[in-house]
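Asker: This is what each chain is made of:
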Amino acid sequence: AQSVTQPDIHITVSEGASLELRCNYSYGATPYLFWYVQSPGQGLQLLLKYFSGDTLVQGIKGFEAEFKRSQSSFNLRKPSVHWSDAAEYFCAVGPFSSGSARQLTFGSGTQLTVLP
Amino acid sequence: EPEVTQTPSHQVTQMGQEVILRCVPISNHLYFYWYRQILGQKVEFLVSFYNNEISEKSEIFDDQFSVERPDGSNFTLKIRSTKLEDSAMYFCASSLSTWDNEQFFGPGTRLTVL
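Heads up: the sequence lines are chains A and B, in that order. Going by my numbering, the first sequence opens with residue 1, and the numbers climb by one from there. Going by my numbering, the second sequence opens with residue 1, and the numbers climb by one from there.
None of these hints come from the bench; they were simulated from the model. Values in this document were obtained by computation on a predicted structure and should not be read as measured data. Errors might be hidden in some of the hints.
To be verified - No more than 30 angstroms apart at the CA atoms, straight line, and that leaves these computed lysine-lysine pairs for DSS-like:
id: 1; chain 1: A; residue 1: 68; chain 2: B; residue 2: 78
id: 2; chain 1: B; residue 1: 78; chain 2: B; residue 2: 42
id: 3; chain 1: B; residue 1: 42; chain 2: A; residue 2: 61
When you get a sec, could you build the whole thing from the sequences and use the hints?
Answerer: Below you can see the structure in the form of structure tokens.
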């Protein structure tokens, strides 16, 4: 069964500082990997995704993530955090599939606080 | 930009009552999903739906739950007899295909069971 671990429940950074949110996954084949962000009272917004190819993927809002197969990781990074980035971040894994809808498995989330 | 919408944003009900949560997926999407998030816990998959039938469902999705696409635009989740532990945020999602499996999520319905 697939699983996702986000080891950091809560991270606090100062505005302008760099950010790295960790994500480790367990899946028997090549996974689809996603990062979603959830602001208070909002739904889940996709930041970026990885399916294949270049292991460094760029997303919206200046985020990027790197897929490392050897470490089963897909860490999210941002070089300079803005106050508006304060939110909860979810890593998710989904199996490759075609022809039928397939579930995403989410990590437990990392709450990001940004200090002025 | 097209988006998934959900109504109501907050539903309060008494234990044992039936509730229907409504979703309007993105219009050209073919695959539909329900997830839930109990306060402080992970987002959990409930069910996926394609071609007017359930594709996958989790252990959570027992006989008390059902889904329906009653017309060309709505996708509903019904809980027949709500329990206290059904209190959660329920997210609807849709995707155009499973080729890239990108699911677009609605803002959620917060269900409170008293």
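Asker: Take the hints in turn and mark each one as holding or not.
Answerer: The hints, checked one at a time:
Distance hint between residue 68 of chain A and residue 78 of chain B is unfulfilled; the C-alpha atoms sit about 40 angstroms from each other, more than 30 angstroms. Taking the CA atoms of residue 78 of chain B and residue 42 of chain B, the gap is about 21 angstroms. The hint holds against a cut of 30 angstroms. Between residue 42 of chain B and residue 61 of chain A the CA atoms are separated by roughly 24 angstroms; this keeps the pair inside 30 angstroms, and the hint holds.
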